[in-house]
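Asker: Take a look at the letters that make up each chain.
2 protein chains.
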Amino acid sequence: MSHVVSPREAATPIRVALLGAGTVGSQTARLLVEQAQDLSARIGRPMQLVGVSVLDPDEVTVPWIDKSLLTTNSEELVTRADIVIELIGGIEPARTLLLKALNSGASVVTANKALLATHGPELYKAAAENGVDIYFEAAVGGAIPIVRPLRESLVGDRVNRVMGIVNGTTNYILDEMTLKGITFDEALKDAQAKGFAEADPTADIEGFDAAAKAAIIACLSFHTDVRMDDVRTEGISHVTASDIAAAKALNRVIKLLAVVTRTEKGITAGVYPAMIPLNHPLAAVHGSFNAVFVEAEAAGDLMFYGQGAGGAPTASAVVGDVVSEARHLSHGSLGPDIPLYANLPILEGDEDESSFVMRVLVLDAPGVLAKVSQTFANHGISIKAVTQLQLKDKDGYNELWITTHVVSEKSVHETAKDLDNLVPIQSVLSIMRIFED
Amino acid sequence: MSHVVSPREAATPIRVALLGAGTVGSQTARLLVEQAQDLSARIGRPMQLVGVSVLDPDEVTVPWIDKSLLTTNSEELVTRADIVIELIGGIEPARTLLLKALNSGASVVTANKALLATHGPELYKAAAENGVDIYFEAAVGGAIPIVRPLRESLVGDRVNRVMGIVNGTTNYILDEMTLKGITFDEALKDAQAKGFAEADPTADIEGFDAAAKAAIIACLSFHTDVRMDDVRTEGISHVTASDIAAAKALNRVIKLLAVVTRTEKGITAGVYPAMIPLNHPLAAVHGSFNAVFVEAEAAGDLMFYGQGAGGAPTASAVVGDVVSEARHLSHGSLGPDIPLYANLPILEGDEDESSFVMRVLVLDAPGVLAKVSQTFANHGISIKAVTQLQLKDKDGYNELWITTHVVSEKSVHETAKDLDNLVPIQSVLSIMRIFED
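Taken in sequence, the protein lines are chains A and B. Position one of the first sequence corresponds to residue 0 (numbering that gives the first Met the number 0), numbered consecutively onward. Position one of the second sequence corresponds to residue 0 (numbering that gives the first Met the number 0), numbered consecutively onward.
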């Protein structure tokens, strides 16, 4: 089984091309340069950065990127490298460039979650067909090793559910709302001022970023082709200070979760805010940190925690992938592919089952609770608990918190529609998943 | 780079031998049998269990181990397998059997922390020389993927410190003492009754089990030959209910930690109870769960959490390793070796620097604090905070809690020795590390 490397091969450097020199790209270049000696020792062969493609070479000012390496011709660069690192983001031209790289026999490292969530299986197939590697640890949870454990460590186990806090912006906002009792708008402004949210925060707060990660996690966990379009996606812009207060009263905290589940009928993938128990390990994930909680049949509960974004942490994950691929090249071997052989059925988002909490504003009148209960019963939903609050600021109205047993999201929404047409009901204020202790 | 597998090779099963069929061994056999189809799909070749060696074949009663596979001849079994799984534990005959397996060209999976902590580097070398794999995810933190992230994901980063709760028994005991205010003896009895502690709990409560894991983690983190003898080891049998109460008053909780640190002078490895802030992610690790907290230069803080022991979780980690090695065999490749090239100096245990809390019983008399402070000053230790408690149950005595700035353990112990000789001092009750917010 011994691998034979000729002295000439051992001395030939592995050629690395970098597409993009933004925050993550320039930090990746820094690690490759600063850790060059250590990395060579671990790989068994030197590595050489042979080119960095950017839109405008004049904008690259970091001292560790040699000016002579800069090019605007990505198409050409990907054909003269053994490993191509893609950090430009977006679907095109990233997709075309990576396919070209893979078809030219280069291995690929990417942090591009949007691309993987829409065209991942196409890229995984191209890598397998060309006998090269595609690694993407940085695409989910930044520096947190989560892709590798799912691809390799848990390969002999059966993953039943993965729940992740995979978006730092929304976790920061919800955390601030919880700790300081402020509104969503106030927390968003604060996050923008502190650099935790973009000027246009849509992709984060509407859950699209988390949905891309959910699709990638589902592929890895269930060996099934799951794309971003398959992920039922709900953001946090509608979460109110009253929702946060209700969660607190129920000994829970609201987190935006990406959840993929294997059920007997098939798999579900969703992103939504949910109330989780205070003693759940995910409840202790504060600020912009990320964490991914895995429920596996034999391994039991596992959690992976760390910084989900930022130049240096993401670059650390990228370089870890580069080293793995370089080692494979140095030894003439190959990492695990991403087999999507299971073809489990993907259920519609609203078939996903859970307990829910519905907050309803009702007239303070006798018989209201009976009418509300009957409406739930009409939809076959069994109620687990009801809390009635007398509202001081809204005389004549009460607020009901109705917690259901486990039911489909669909049936809860149909119930809410009927409730909205009932006379003593002012309005359904919110509907949210609530997780058990 | 494409790997070529002939049809005959593809059909030849990979031969797996299992040494030991205790709790973990029988669960490992179960996963290999129950998941056979999935595993073959992921490996690209069938796997076959060719033998299970045990001391007494009559004691193996689980239905999924075919009686015809049982043997008492481990020496012979290891020579007719492609992958040898060692789950017998202890140093010998495990060491001799694994060396024989490696030298016969078999790859090895082991969960044997005691063996790796004393002879790991010898085994890693034998694996590299024979061009085969040695994997041992289950040796640290059971099912938690921690070995693989350190070996592979963080390979492009620089690990500065790893702190782990790596022993479930002691975490359960300290957690019970904290939650219920009971004594160490009461908590130990409870743990034994519930199966969380052995009849002879020495290896756990005196920190030896954690020290073995610390040595393994240090090798992986710092690429330096660190053995169990290099680990300064202190258990929890001396931790009192008063220590727990003091920690609580200082907004901290006591955990038994395995800590390996890279400093400018070299590396330190230690196991000791320490007071950690309540908002530290490790503080939320309850019961018999384990967690490993990694501080890396680029990746920042990472934490890995899960069940550190138990048949099924440990077996999950073992099978993950088996699949990785089987994939390598199927593709004619090899996993990363464990290069111990850095040769960092290993510092003496008591050179390890930290803040400490000393609890001292003193006469309630004027001038005591001045004398105590002077004694610390004599040893160059600067005091950060002092709390004085009037003891209701011990009239005429006070208790002092003295928190130091960061100093060496050695200097704190020398100070304690001098304090014990001072007239107004009754006794030094305890000395413990305290970690910053």
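Each hint should be verified, as a subset may be incorrect.
Because identical chains share one entry, a pair is satisfied inside a single copy or across any pair of copies.
Computed cross-link-like contacts, SDA-like style, restricted to lysine to any residue with a CA-CA straight-line distance of at most 20 Å [what the hints assert, rightly or not]: (1) Lys-124 / Ser-39; (2) Lys-416 / Thr-402; (3) Lys-179 / Ala-282; (4) Lys-66 / Asn-159; (5) Lys-370 / Ser-410; (6) Lys-416 / Asn-278; (7) Lys-124 / Asp-37; (8) Lys-124 / Gly-43; (9) Lys-416 / Trp-63; (10) Lys-124 / Ala-40; (11) Lys-124 / Asn-420; (12) Lys-99 / Thr-11; (13) Lys-416 / Asp-57; (14) Lys-99 / Thr-402; (15) Lys-99 / Lys-264; (16) Lys-391 / Asn-420; (17) Lys-247 / Ala-283; (18) Lys-66 / Lys-247; (19) Lys-179 / Leu-421; (20) Lys-124 / Pro-200; (21) Lys-247 / Asp-363; (22) Lys-264 / Asp-37; (23) Lys-247 / Asn-278; (24) Lys-179 / Ala-113; (25) Lys-179 / Asn-72; (26) Lys-416 / Ala-376; (27) Lys-393 / Thr-374.
Don't read these hints as lab results, they were simulated from the structure. Every value quoted in this text rests on a predicted model; they were computed, and no experiment measured them.
Asker: With reference to the structure, classify each hint as holding or not holding.
Answerer: How the hints compare with the structure:
{"no.": "1", "hint": "Lys-124 / Ser-39", "result": "between (30 Å within a copy, 19 Å between copies)"}
{"no.": "2", "hint": "Lys-416 / Thr-402", "result": "within (17 Å within a copy, 61 Å between copies)"}
{"no.": "3", "hint": "Lys-179 / Ala-282", "result": "within (16 Å within a copy, 23 Å between copies)"}
{"no.": "4", "hint": "Lys-66 / Asn-159", "result": "neither (49 Å within a copy, 32 Å between copies)"}
{"no.": "5", "hint": "Lys-370 / Ser-410", "result": "within (17 Å within a copy, 73 Å between copies)"}
{"no.": "6", "hint": "Lys-416 / Asn-278", "result": "neither (33 Å within a copy, 42 Å between copies)"}
{"no.": "7", "hint": "Lys-124 / Asp-37", "result": "between (32 Å within a copy, 19 Å between copies)"}
{"no.": "8", "hint": "Lys-124 / Gly-43", "result": "between (29 Å within a copy, 15 Å between copies)"}
{"no.": "9", "hint": "Lys-416 / Trp-63", "result": "neither (60 Å within a copy, 53 Å between copies)"}
{"no.": "10", "hint": "Lys-124 / Ala-40", "result": "between (32 Å within a copy, 15 Å between copies)"}
{"no.": "11", "hint": "Lys-124 / Asn-420", "result": "neither (51 Å within a copy, 74 Å between copies)"}
{"no.": "12", "hint": "Lys-99 / Thr-11", "result": "neither (23 Å within a copy, 35 Å between copies)"}
{"no.": "13", "hint": "Lys-416 / Asp-57", "result": "neither (58 Å within a copy, 65 Å between copies)"}
{"no.": "14", "hint": "Lys-99 / Thr-402", "result": "neither (53 Å within a copy, 61 Å between copies)"}
{"no.": "15", "hint": "Lys-99 / Lys-264", "result": "neither (38 Å within a copy, 48 Å between copies)"}
{"no.": "16", "hint": "Lys-391 / Asn-420", "result": "neither (25 Å within a copy, 66 Å between copies)"}
{"no.": "17", "hint": "Lys-247 / Ala-283", "result": "both (14 Å within a copy, 19 Å between copies)"}
{"no.": "18", "hint": "Lys-66 / Lys-247", "result": "neither (55 Å within a copy, 56 Å between copies)"}
{"no.": "19", "hint": "Lys-179 / Leu-421", "result": "neither (36 Å within a copy, 50 Å between copies)"}
{"no.": "20", "hint": "Lys-124 / Pro-200", "result": "neither (33 Å within a copy, 52 Å between copies)"}
{"no.": "21", "hint": "Lys-247 / Asp-363", "result": "neither (24 Å within a copy, 46 Å between copies)"}
{"no.": "22", "hint": "Lys-264 / Asp-37", "result": "between (49 Å within a copy, 19 Å between copies)"}
{"no.": "23", "hint": "Lys-247 / Asn-278", "result": "both (13 Å within a copy, 18 Å between copies)"}
{"no.": "24", "hint": "Lys-179 / Ala-113", "result": "neither (33 Å within a copy, 49 Å between copies)"}
{"no.": "25", "hint": "Lys-179 / Asn-72", "result": "neither (49 Å within a copy, 66 Å between copies)"}
{"no.": "26", "hint": "Lys-416 / Ala-376", "result": "within (14 Å within a copy, 73 Å between copies)"}
{"no.": "27", "hint": "Lys-393 / Thr-374", "result": "neither (24 Å within a copy, 66 Å between copies)"}
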